[in-house]
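**Student:** Chain by chain, the residues:
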Amino acid sequence: MLLFACCSVVADEQVSASDIVRAAVDHWRGISSYSEMTMVIHRPDWERRMSMQAWTKGDERSLVRVTEPRKDRGNATLTNDNEMWTFSPRINRVIKIPSSMMGQSWMGSDFSNKDVARADDIVDQYSHTLLSTMERDDHTVYEIESVPFEDAAVVWGREVLLIREDHVVLEHRFYDQDDVLVKALTTLEIADMGGRTVASRQRMQKTDEDNEWTEIRVDNVEYEVNITDSLFTLSNLRNPRN
Amino acid sequence: MRILIKLAWRNLFRNHRRTLIMLSAITVGVWAMIFMTAMTQGMVTQMIHDGISVIPGHAQARNPQYGDDPTVNNLLPVPDSEIAGRLEGGGFSSWTTRLSVPAVISSERESRGVTLLGIDPEREADFTFVEIDTIDGRYLESVSDEGVLVGAKLLETLKTKVGNRIVLMSQTPDNDIADRGFRIVGVFSAKVELWEETWVLTGKETLQTMLGVPDQVTQAIVFGDNYRQVDAVSDSLRKAFDDTVSVQRWTELDRYLGTMLEVMDGFTLVWVVVIFLALSFGLVNTLVMAVFERVREIGLMLALGMRPSSILGQIVIESMLLLAIGLALGNVLAWLSVKAFPDGIDISIVAKGMEMMGASSILMLDLRLQDVVLANSVVLILGFLASLSPAWRASRYDPIEAIHKVD
Numbered sequence: 173m174l175l176f177a178c179c180s181v182v183a184d185e186q187v188s189a190s191d192i193v194r195a196a197v198d199h200w201r202g203i204s205s206y207s208e209m210t211m212v213i214h215r216p217d218w219e220r221r222m223s224m225q226a227w228t229k230g231d232e233r234s235l236v237r238v239t240e241p242r243k244d245r246g247n248a249t250l251t252n253d254n255e256m257w258t259f260s261p262r263i264n265r266v267i268k269i270p271s272s273m274m275g276q277s278w279m280g281s282d283f284s285n286k287d288v289a290r291a292d293d294i295v296d297q298y299s300h301t302l303l304s305t306m307e308r309d310d311h312t313v314y315e316i317e318s319v320p321f322e323d324a325a326v327v328w329g330r331e332v333l334l335i336r337e338d339h340v341v342l343e344h345r346f347y348d349q350d351d352v353l354v355k356a357l358t359t360l361e362i363a364d365m366g367g368r369t370v371a372s373r374q375r376m377q378k379t380d381e382d383n384e385w386t387e388i389r390v391d392n393v394e395y396e397v398n399i400t401d402s403l404f405t406l407s408n409l410r411n412p413r414n
Numbered sequence: 040m041r042i043l044i045k046l047a048w049r050n051l052f053r054n055h056r057r058t059l060i061m062l063s064a065i066t067v068g069v070w071a072m073i074f075m076t077a078m079t080q081g082m083v084t085q086m087i088h089d090g091i092s093v094i095p096g097h098a099q100a101r102n103p104q105y106g107d108d109p110t111v112n113n114l115l116p117v118p119d120s121e122i123a124g125r126l127e128g129g130g131f132s133s134w135t136t137r138l139s140v141p142a143v144i145s146s147e148r149e150s151r152g153v154t155l156l157g158i159d160p161e162r163e164a165d166f167t168f169v170e171i172d173t174i175d176g177r178y179l180e181s182v183s184d185e186g187v188l189v190g191a192k193l194l195e196t197l198k199t200k201v202g203n204r205i206v207l208m209s210q211t212p213d214n215d216i217a218d219r220g221f222r223i224v225g226v227f228s229a230k231v232e233l234w235e236e237t238w239v240l241t242g243k244e245t246l247q248t249m250l251g252v253p254d255q256v257t258q259a260i261v262f263g264d265n266y267r268q269v270d271a272v273s274d275s276l277r278k279a280f281d282d283t284v285s286v287q288r289w290t291e292l293d294r295y296l297g298t299m300l301e302v303m304d305g306f307t308l309v310w311v312v313v314i315f316l317a318l319s320f321g322l323v324n325t326l327v328m329a330v331f332e333r334v335r336e337i338g339l340m341l342a343l344g345m346r347p348s349s350i351l352g353q354i355v356i357e358s359m360l361l362l363a364i365g366l367a368l369g370n371v372l373a374w375l376s377v378k379a380f381p382d383g384i385d386i387s388i389v390a391k392g393m394e395m396m397g398a399s400s401i402l403m404l405d406l407r408l409q410d411v412v413l414a415n416s417v418v419l420i421l422g423f424l425a426s427l428s429p430a431w432r433a434s435r436y437d438p439i440e441a442i443h444k445v446d
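Order-wise, the sequence lines are chains A and B.
One gets the working numbering by counting positions in the first sequence from 1 and adding 172 to each.
One gets the working numbering by counting positions in the second sequence from 1 and adding 39 to each.
Treat the hints with care, as some may be off.
[Stated by the list, open to error] Take a look, some chain B residues computed to stay more than 10 Å from chain A by CB distance:
id, residue
1, Leu46
2, Arg56
3, Gly124
4, Val143
5, Ser146
6, Val206
7, Asp215
8, Leu375
[To be verified] Derived DSS-like pairs: lysine-lysine, alpha-carbon spacing no greater than 25 Å straight-line:
id, chain 1, residue 1, chain 2, residue 2
9, A, Lys268, A, Lys243
10, B, Lys200, A, Lys378
11, B, Lys278, A, Lys378
12, B, Lys200, A, Lys355
13, A, Lys355, A, Lys378
14, A, Lys355, B, Lys444
[Unchecked claim] Which residues of chain A face chain B? A few of them, derived with a C-beta cut under 10 Å, are:
id, residue
15, Asn254
16, Thr258
17, Pro261
18, Met273
19, Met279
20, Ala324
21, Val352
22, Gly367
These are computed hints drawn from the structure, not numbers from a lab.
This structure is a prediction, so every number in the text was calculated from the model and none was measured.
Glycine residues also receive a C-beta, built at the ideal position from the N, C-alpha and C atoms.
Chain B on its own, in the form it takes in the complex (with noise of 0.2 Å):
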């Protein structure tokens, strides 16, 4: 074994261009890789982050019907002032309740229809509205504050401005208009155009006052640690409500954004074996030739009593080898370039169109430790499987015919 090891490493460097040049594409290949890879990675895990933290949460409880039918008749049936109790203590690392119903907002001159979110702004600074910068105006004081807080692209859309009064109109339960005159008291911007458009803020108690819903809310919504894993988090606060209240994850509430995660994960594999495929024609061809030169040795080395197998795996680990030596130099490459973006990648030049798919303009590097061991197993297990039809033809041959092969 140690001479075949020897054997192949030493055969490597008989042809040491040939070995370069073969060196050099794989390498670049495997950077390609997990380059690659972590900047899609990157993008699904901002898209995300971002997409769930301004709305769905990690996971939410609300009426089982409110996702039918988004208005305030499909209230939470349990008070707002009991659902802290029930969800103190149940592991989440953030959690807040919202009345979120529709409602038309118009200026003098326009009218939009938009969402309108009765937060508590005291915990929803915890997380929701961190990343959506009040870059004009102020951010809501308290649970009762009478203003409300639209986006910049709404603000523009309904041609008004901050300090000026809107009003908003939306229906009580039992179907009666509820409007009233508010002040815009901040404008935020977000990284998503659309939702400029669509959220309109205000104080959980004065939207509740206007709809005549004191005490009420329609949705309980709760973060965990991790957004690939909330099951615990659903379970759990599953178990703080009772039948009669729908608990879903961020990935039934936002399908887009979940198939989004999972279309991800699987174009990832798919990805590094396009690579893959491309190289091992390299890889295979590399293998041939090099048998091809040494028939007459290989002849020979049959002649003087070596086995076949031996003969198969000199070649596989020389292949092997190549392959190691071509993954070591693919990601240090890989990882030495996202450690070159700490900060991310600029890509504003289009901006806009990555925001039509809800992510952002800075391209953060998401390196994870399983897509570099699926992009390392996959290059071994397909290179191996790849240098076994040369290596095969190379033991078959006849030690005689091969002596006598003139190059």
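Bound-form chain A, shown alone (with noise of 0.2 Å):
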């Protein structure tokens, strides 16, 4: 306890900027989490709604399921380490997603499957510069470099976050190599949920797709509750138990 205390006043005094990320990554995910929510996927000429529900532990662990509309529910995504499985009830099957399309879109939105699976790279396949840390109503809000490590499987030249003090991620712009923005995902929404404070409606968009985006709206979240391994297995992928 007295060896915490320490630590966490040497924290205080020097925030590192990895240990800000750390943190912000440990704080949406939580050691466990179950969360109810919608995928807007916004296109110029048709908008579709997704509610899902989702389920995380640890950093490895998430399963994602979908309830609305009809036609997709049950539509499920299980990812455990960096591998990642879908299973469709239409076809009964349960897909393992090869590497080859580990880039592609997930479930039709802005976000790669990679994005999906693989979220907390952010913390140990980059090293992160604090940039700047300035003001915002009443927040204070660190402006954080990451840049990928020679050989990460990154393609990203940079990516810089917005992380406010209370571990909500405003900002995270995802730049080329050559410092050129592509697309960014920027928190529309912040409320209290689940005693924490959250980003509530995150929207991602690419720079040159002016009318193109897909937000994700959290409707409820329960931060810590007692989520048993069997849920993250390809038996409970196919026939859901929970």
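With the hints in hand, could you dock these two chains into one complex?
**Tutor:** Structural data, given as structure tokens:
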């Protein structure tokens, strides 16, 4: 306890950029979480909404299951470590997403499979530097530049994160290697849910497509819920028992 | 016999205008046969040379399952370090080993399926990519080079440039994802655009580490002296390994090129025969006319006691002399015109189309003795057969009727 206290004091004085990022990821995911959310995929001539439930445990495991619309109900995605499987009740098959498809779009959205399966790569595949600290709406906001390691499986030249001192990620910008902004994940709304302050509406948008974006709206979230490991198994992916 | 040859020779020049026309027809025909054959053979030789120098080699040793499933799961059962010992002294003009797996290359904006080759740059420099110039950046430096070499076309598709990082993703033998970032160190241009889109090269050891298969490769590639005679090479490659490895010749590895070679050899014969058929109408016509003009003369010779077989011989010899002179001129002309293009013919106007076939835009001529012999013997044999009919008719004339024939 004493040790913990001492360390947190040190951290307060000299906040390292990677600690901020780590804390933000932990804050968002918790040790375990259950959430209900809506994904809105917007295109110039159409828009579709999907409601889903998501469970996460640790950094590695997550399960997402679509509840609405009816025709997509039961579509599910399971990630474990760096692997990813999908299940579609219509064909009654579990399909492992091969590495070749990790870069492709997840359920037709602006997120790639990789964004979903490997969201925590930001912690260990990058070197982080604190660019600046600013004040915005009574909050301290850290601007952190994350540059991927030379051999990291990341195509971006650098990423810039705006993180509030209460661990809410305000913005996540992706730059190519010529330092041109390619896409950005922006937090549009922040709310208190499940006992934490979290981003409740986030939008992923490519810079060169004005009218194309995907929004994730969190309707409800609970943290540190008790989730059994058996939830994150292929058999549960196929036959939901939760 | 000498008399017959003398008669035939003199007869040839009785109507010298007709003979000259026929002679020029034969000359042009023979020239076309040989020159066009040299052109198609040159094209095929080059396509095959380019095709097999880039990928299959003359013969390859690989896991028997690799052909159906070319992934890291089907490695050669022999460690890479041991292969060198087995291949030395096998009578190969050069050899190398490669680790070749399917992969996905992604830049910030695009991703593409490619074949990722882990190569030994020093060994490969002997043959493979000497024809593929590194147009920008540098070539790979060693087996542990951590840079990648991509084709110019792929670079364009990925909207990236030399010096930028890309991510390559493939699978380990346990079906886990193996991926890492690489920096593009060089760009190569290939004669065929498809290769620029397909091949991504990196150091062999770098790829082995990434896939978690140290000291393992997917194929051993050997070259002999002549791409048409690869049996010896593939036999000695088979000897270097045991039965757990399948050894295949390039004709089996690249069916398209292998079939092309067979088709072209057959095509040469068809081409020669078709030209000859056109020629033979002229030849037979000339002989028929020659016989027709000389009906009275032939009748007189028969009446004086010349045997019909001598008449037949005389006319056949006349036709063979005509063909022989035509062949000689045609051969010389063809040889001269092949020599006139020592650097090949530039057909870059149709380069796009040629590229699609896998050929390049400079057409090298390949004059092969066997094609010349084929053309000459086809002309002589078929010419002999064609001249039999008018000669036979001439020898069957009734002397009395023939003498009395009024022109």
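**Student:** Run every hint past the structure and note whether it holds.
**Tutor:** Hints versus structure:
1. Leu46: Given that every Cβ of chain A is farther than 10 Å from that of leucine 46 of chain B, nearest at about 80 Å, it holds.
2. Arg56: holds (74 Å)
3. Gly124: holds (32 Å)
4. Val143: violated (5 Å)
5. Ser146: Contrary to the label, serine 146 of chain B does not stay out of reach of chain A, its closest Cβ about 6 Å off (not over 10 Å).
6. Val206: violated (5 Å)
7. Asp215: violated (7 Å)
8. Leu375: holds (56 Å)
9. A:Lys268 x A:Lys243: OK: lysine 268 of chain A and lysine 243 of chain A at ~21 Å, within 25 Å.
10. B:Lys200 x A:Lys378: holds (21 Å)
11. B:Lys278 x A:Lys378: violated (58 Å)
12. B:Lys200 x A:Lys355: It holds: about 20 Å lies between the C-alpha atoms, which stays within 25 Å.
13. A:Lys355 x A:Lys378: Since the Cα atoms of lysine 355 of chain A and lysine 378 of chain A sit roughly 4 Å apart, the hinted pair holds (cutoff 25 Å).
14. A:Lys355 x B:Lys444: violated (100 Å)
15. Asn254: holds (5 Å)
16. Thr258: The hint is violated - threonine 258 of chain A has no Cβ within 10 Å of chain B, the shortest such distance being about 15 Å.
17. Pro261: Since the shortest Cβ distance to chain B is 25 Å, the answer is violated.
18. Met273: holds (8 Å)
19. Met279: Nearest chain B Cβ about 18 Å off; hint violated.
20. Ala324: holds (5 Å)
21. Val352: Where the cut-off is 10 Å and the nearest Cβ of chain B is about 9 Å from valine 352 of chain A, the hint holds.
22. Gly367: violated (35 Å)
Checked against the numbered hints above, the structure breaks hints 4, 5, 6, 7, 11, 14, 16, 17, 19, 22 and satisfies the rest.
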